[in-house]
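Please build the complete structure, drawing on both the sequences and the hints.
2 protein chains.
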Amino acid sequence: VASKPKIGQRGVLVIIGGHEDKSGAMPVLREVVERSPGGPIIVATLASQVADELWPVYRNAFRKLGVRDVHHLDIERRSDAADRTKLRHIERARAVFLTGGDQLRLTSKLGGTSLAEAIRRVHERGGVIAGTSAGASVMSETMLVAGAAGDSVHVRADVRMAPGLGFVRDLVIDQHFAQRGRIGRLLAVVAQNPRLLGVGIDENTAIVLHADRRFQVIGKNAVYVVDGRNITHSNVYEDPSDAALSVHGLRLHLLAQGDEFDLNMGLPRRLP
Amino acid sequence: VASKPKIGQRGVLVIIGGHEDKSGAMPVLREVVERSPGGPIIVATLASQVADELWPVYRNAFRKLGVRDVHHLDIERRSDAADRTKLRHIERARAVFLTGGDQLRLTSKLGGTSLAEAIRRVHERGGVIAGTSAGASVMSETMLVAGAAGDSVHVRADVRMAPGLGFVRDLVIDQHFAQRGRIGRLLAVVAQNPRLLGVGIDENTAIVLHADRRFQVIGKNAVYVVDGRNITHSNVYEDPSDAALSVHGLRLHLLAQGDEFDLNMGLPRRLP
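Respectively, the protein sequence lines represent chains V and C. Numbering follows the working numbering, in which position 125 of the first sequence is assigned residue number 125; successive positions increment by one, without gaps. Each number in the working numbering corresponds to the 1-based position in the second sequence with 1000 added.
Source of the hints: derived by calculation from the structure; they are not laboratory data. The beta-carbon is built from N, C-alpha and C at its ideal position, and this holds for glycine as well. Any given hint could turn out to be false.
Claimed, not checked - Okay, the calculated bits of chain V under chain C, using three or more residues with CB under 8 Å as the criterion: (1) 142–154; (2) 174–188; (3) 202–216; (4) 252–266.
What the hints assert, rightly or not - If you want the footprint, here are the derived chain C segments under chain V, 3+ residues with CB under 8 Å: (5) 1034–1044; (6) 1142–1156; (7) 1240–1254.
To be verified - If you want the ones that stay clear, here's a sample from chain C, every Cβ over 10 Å from chain V, calculated: (8) His1071; (9) Ser1108; (10) His1123; (11) Gln1192; (12) His1210.
Following this line, the structure appears as structure tokens:
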């Protein structure tokens, strides 16, 4: 699967819906490894409150997959993001893996720092940025932070968004998608601005997004793509904020392993 | 809201997503009352295992809404469905309300009996058939009985269907929709046969379906309409049954109070 990136060619983003297998067949983590052969892989636990528990789990998983060169990145506070040693580690990385936790913990510590810029450059020079759960949500320009799940969605009250790290534009990610009943809040975001394509990723499932803006689905479950470009009506700004959301004319694609989606065309296809 | 049906004109179906308000403003039950002024309303608890608890709750709700003429219909076993007194009760009813419970308990006792035929005739001669939860699912020709909810959907294993009472054709109902995370299983049904329009109804929400095959949405939450007519690809019959479901090119409408859907055209519109 791994093809050596040309010099100067941007690498891939591996955007994971959370709860990826870390001890069995590990289809998702294996993809990260195959796209950064031998490492180094940096496991960044900045989003997590239990970094010391998460780090050994990922170290062991990546070692089991044959990578010896795995390192831990964490910072206590924003000022630590200028640390020279940490920056040097990132500069030689072939992959950075952003764990789950809290999106805002990650972006408030990392956003706008030299460390964030160094991570972005890993991608720019052909490396992998992978992220799971909160680490998946932060990939986009605007990210979902909170919102009603497993319940009906109303016009304005239910969705909280914030600026993400901006590794990919024109889409918004949601994770743990089917498992936490999040279709409603993703529809609400797309209705607020149909410029954004909504991408809801199930657990133990990921998209592998390439420089040419195509992505493939990998893993056990599904990816929901919500396309609002042809919306004919919505009540986002007309109705009181406790009214139920109404959106006519959405396009929905349910994608699984073997499917590819072209973000330029806005169309899915089954790989031959 | 209530308009007197012309003689020979078919009445309405009020199809409710479960958990409708039975003590407060009661927007959904009020609709049933306004469309069958003064009654008699028959509360049919055939689907339920706790009929004796359900019946007084509905009797009190309908009385609160000003209907004195409310009756209870239940049968222990299929042979009771020929009972003359019960049939006479149905013959003079203006509305029959099917409570929640288990779809198969209802259809296995009622399907193909004179009692079922008498209920169908209430609708034929301009009356109301209302149903909530299991009582909503049974309205269609083919009904959803069980299926994975709040989780990813796979190609074949996750959905069980059975023949319904057939009061409305060309659609399939799901209920408690957002609350139980049921979008995946409804997509699976529509992918199996895109002739059927998928209609997922949230709790405390209903559709009011008229003889001209238009329905309006009433109540607090939303109705999801899944239109598979333009599906360009699905893996329903190709892939192993534990593969994640893939369906490209669905159309999705999220409807709320104030929206109407025309089943003939397959299109929603906002009421002026």
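Each hint tested on the structure:
1. 142–154: holds (count 4)
2. 174–188: holds (count 7)
3. 202–216: This one holds; 3 residues, not fewer than the three required, reach chain C with a Cβ under 8 Å.
4. 252–266: It holds, with 8 qualifying residues against the three required.
5. 1034–1044: With 0 residues closer than 8 Å to chain V, the segment 1034–1044 of chain C misses the three-residue bar; violated.
6. 1142–1156: holds (count 4)
7. 1240–1254: holds (count 12)
8. His1071: Check passes; 33 Å lies beyond 10 Å.
9. Ser1108: Given a closest Cβ separation of 31 Å, the condition holds.
10. His1123: 27 Å, holds
11. Gln1192: 13 Å, holds
12. His1210: 19 Å, holds
Figure legend: structure checked against the earlier numbered hints; the only hint not met is number 5.
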